[in-house]
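Undergrad: Let chain C serve as the given structure and place chain Z with the ligands on it in line with the hints.
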Amino acid sequence: MGDPEARDASRTTIAFWQMAVGLCALSLWQGLVALKLLDPFFVSRPTAIAQRIAIWVIDGSLWRHLAATLEESLLGLVLGAAAGISLGFLLGRSPVLARVFDPYIKMLNAVPRVVLAPLFLLWFGLGIWSKVALALTLVFFVMFFNTYQGVRDAERVLIDNVRMLGATERQLVRHVLIPSALTWIFSSLQTSLGFAMVGAVVGEYLGATRGLGYVISQAEGTFDTTGVFAGMTVLGLVVVIVSAGVTRLERWLLRWKG
Amino acid sequence: MMAPALEFDRVSRDFALPDGRLYRALDQISFAISAGSFVAIAGPSGCGKSTLLNIAAGLLTPSSGRVHVDGEPVDGLNRSATYMFQQDALLPWKTVRDNVALGLTLSGVTRAEAHARADAWLARVGLAAFAAHYPSQLSGGMRKRVTMAQNWIIDRGMLLMDEPFSALDVHTRLRMETELLALWESRSADQPPPRLRRSAVASANAESLALQETGGQASQAGGDRETGGRAFQASRDRKTIVFVTHDLEEAIALADEVVVLSAGPAAHVVARHPVTLDRPRDLMELRTSEAFVDLYRALWVVLREEVIRSQRSAEATRG
Ligand SMILES: Nc1ncnc2c1ncn2[C@@H]1O[C@H](COP(=O)(O)OP(=O)(O)O)[C@@H](O)[C@H]1O
Ligand SMILES: [Mg+2]
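Top line first, the protein sequences correspond to chains C and Z.
Numbering-wise (our numbering), the first sequence opens with residue 13 and increments by one.
Numbering-wise (our numbering), the second sequence opens with residue 341 and increments by one.
Short derived list, chain Z residues pointing at chain C, Cβ under 10 Å:
1) R419
2) T422
3) D428
4) L500
Subject to a maximum C-alpha distance of 16 Å in a straight line, what follows is the list of computed EDC-like cross-link-like pairs (lysine to aspartate or glutamate):
5) Z:K434 - C:E167
6) Z:K434 - Z:D459
7) C:K269 - Z:D428
Calculated from the structure, these hints are not laboratory results.
Cβ atoms here follow ideal geometry from the backbone N, Cα and C, with glycine treated the same way.
Isolated chain C (complex conformation):
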């Protein structure tokens, strides 16, 4: 682990440089626009974007759209995880079923999700469910493959040991197979969450009445580049904040890994 003081020091140094890189990029952008080397019509400018975000915060529209996007992502994540984990477990435990389903799963996974979006709009309407469905299809496969791996790769010797210690089939699932799958699932939480948000935003972009994707598409429709960049900035910030939370959760859940 090393000296904690040294680690803290390096952490502040990193944070400093992270800020520095961001500020430099923003100043450069602002400067180039001010010097008329870049046209704000095409690329907007950082101060205008910040202003726009501030307006959204004050008039409350930001929260409404953000809430929609987060709700869809979360529902997609939870439902996709539930479906993916269940099927992963089932096929992980039954090699025969796994072989039967293998070509279908590969086929479905090969379908680009954007292609599905209009279909979902048709089936589930403009409301949140078409976005949830899109997020779900993205999360499902990540979760499925990771659970499947986790169950299949549960170390033989752990299973044998627990069985020798008297475990029933159910206890085996509970004490070995689920924890083993969970380690895979947790380590894919970042990816899954990212996919869920991509699914939700793309869904909103293609047809919705609320959400960050909707905001961005509206702005694009009126060549409002400031609005587009403001929407993208909010989305990026949310992802950074959420994934920091997920990292901490993951570290806690997998604390037994030395």
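TA: Below, chain Z with the ligands alone, put in the same frame as chain C:
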């Protein structure tokens, strides 16, 4: 005459090779191990020792032949045995305490009691301070000790051990061997931790204990067998230990009897030799004693042939 604790009856085992042919790992293995004895199975690497032990555990079925435990044919897992595997088999997501308590919680002992007994065992193996650690935070030797506690806490009549200490450095290994013998040689009645659960039946059994100790007839203790007496009876005596190793020195130092397997394919028993060294044994001194060295020489002559054969066949398959 009591049935042997473990009996192999013409046990053979084949494995399918990738090209579809069969590889005969074990061929017609027959021998019996009497209850309460410590038997070491030695043989060159890859001869089929783990396979044989897995068959004894019921984790693997023989291709032909049968295995009897206490006179009964093994059907499914061998419920009279626990198994110390060569690899690390602690659950990495459970604390040391939960790992030790696992056998108890699986059989429905309450968490509080299981933890209390696990802590007693951890104290016994010198790891009381590490109860809340995870296995990844322990050294290899410490993990072996946790595994020992995990296996001894459920107190079955038989312990199967597959090269349990082979991954340890020489000194740690010597210590673990000493601790193993101390555990095995100490009669269960002197051990506080495994006794806790049976405090209720302890007084009822005190009588049968006394009877056995003075050579009284077993039939007089018959009534106790119905209650807690059955499990107690087994733990009364020493466990039966089947200890697999490729190290002849270790085999002789620990066991009452050494069984030498031939090199594979078609490994079979090439020698069985009783070890009559006195107990308790001082492992620090034992290896230089004359009796030990004589035994070692006698058995090494046999094992050496097999080691050479196994190296030759390994080279043949490589070349
Ligand atoms: N599951 C298996 N499939 C195919 N071959 C196996 C399998 N398990 C063991 N073997 C083969 O059987 C032989 C004996 O293996 P093992 O019992 O592990 O030997 P040992 O424990 O004495 O080193 C080896 O040649 C090994 O390759
Ligand atoms: Mg082996």
